[in-house]
Amino acid sequence: MNYQGMREDNVSVVIQFILMGFSDLSEFQGLLFGVFSIIYMIILVGNSLIIIITRIDNALQTPMYFFLTNFSFLEICYVSVTLPKILMNLWTQERRISKLECAIQMYFFLVLGTGECFLLAVMAYDRYVAICNPLHYPLLMNHKMCICLAVGSWVSGIPFQIGQTWLIFSMHFCGSNQIDHFFCDVPPVLKLACGNTSVNEISIYVATVLIIVTPFMLIIASYSKIIATIQKLPTASGREKAFSTCSSHLLVVVLFFGSAIVTYFRSKSNQSAATDKLLSLFYTVMIPMFNPMIYTLRNKDVINALRKLFLNKTVCGVKL
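In case it helps, our numbering puts the sequence shown at residues 38 to 357.
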């Protein structure tokens, strides 16, 4: 273990952590490296494709796809905070991370996670305006408003998460320096802190309510109005078309918010390292991998744009 030295009260202070990750699966390190490498490539390629087609296809120059572009880019940034470090640890078996690096990783993870929560809420609001107030949609969701909502989502977590990260890493860490997790998430890091952590635990609950529960409730309220409006549409085809524009987003919302709420709202006594890792893997790795598939397989406009993109590439290849 790596310690800074002895404080006056003869307690060793940790200045470096060990990310235990999947060290208990020593015989599967090579397999895990291969699996996570493939997942990372799928996330990068899938989300990059969505960004490309929404930028070049004229049919996708709408607020809904503007926010989808932001969401896809946010997903790439989000997984890039954790997955490269996981891959490096699996490849080198060097699991050390300094206290500063750990704090930086946690900060960006929290800021980008906050951005996802608010951007998903903005996307729900966009669908609410489009379906419930279609006549006012061009006025309410003009280009300037879309930019403001997107920028607000990206930066909304910065001041709050600076305070949250500082509050955690201003504490002393003594005893074990082994984080039983694959990245510096709040609950496993807080377990290593010595002294009273009640203030930190209260701040986690407050953050969960403000950053996760509040956007989730706004999304639920938006979709309640959307569903009520869709049911009033006179034709089955109209109802199907309206719901198809929302179903992909709603599925992502349920998966992301469900796992995040369970992770950060569970009581400390009910927390186990294995469950924490499983839940964290789900919303930090698996959901970003599934998102491009969800948005392409359930969205005819995106499928058509992809077909046109690859058809043009094929035609150009034949001509050449």
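A hint or two may mislead.
DSSO-like cross-link-like pairs, simulated, lysine-lysine; straight-line CA separation at most 27 Å [unchecked claim]:
| hint | residue 1 | residue 2 |
| --- | --- | --- |
| 1 | Lys136 | Lys278 |
| 2 | Lys228 | Lys122 |
| 3 | Lys337 | Lys262 |
| 4 | Lys136 | Lys228 |
| 5 | Lys278 | Lys345 |
| 6 | Lys181 | Lys269 |
| 7 | Lys337 | Lys278 |
| 8 | Lys269 | Lys337 |
| 9 | Lys122 | Lys278 |
| 10 | Lys314 | Lys337 |
| 11 | Lys228 | Lys314 |
| 12 | Lys122 | Lys136 |
Keep in mind that the hints were calculated from the coordinates and are not lab data.
Cross-check of the supplied hints:
1. Lys136 x Lys278: Answer violated: Lys136 to Lys278 is near 51 Å, above 27 Å.
2. Lys228 x Lys122: holds (21 Å)
3. Lys337 x Lys262: holds (24 Å)
4. Lys136 x Lys228: Satisfied, since the Cα-Cα distance of roughly 15 Å is no more than 27 Å.
5. Lys278 x Lys345: holds (21 Å)
6. Lys181 x Lys269: Distance of about 31 Å is beyond 27 Å: violated.
7. Lys337 x Lys278: OK: Lys337 and Lys278 at ~10 Å, within 27 Å.
8. Lys269 x Lys337: holds (23 Å)
9. Lys122 x Lys278: Not satisfied, since the Cα-Cα distance of roughly 42 Å exceeds 27 Å.
10. Lys314 x Lys337: Violated, because 35 Å separates the two Cα atoms, which is more than 27 Å.
11. Lys228 x Lys314: Holds, because 14 Å separates the two Cα atoms, which is no more than 27 Å.
12. Lys122 x Lys136: holds (15 Å)
Of the numbered hints listed earlier, those contradicted by the structure are 1, 6, 9 and 10.
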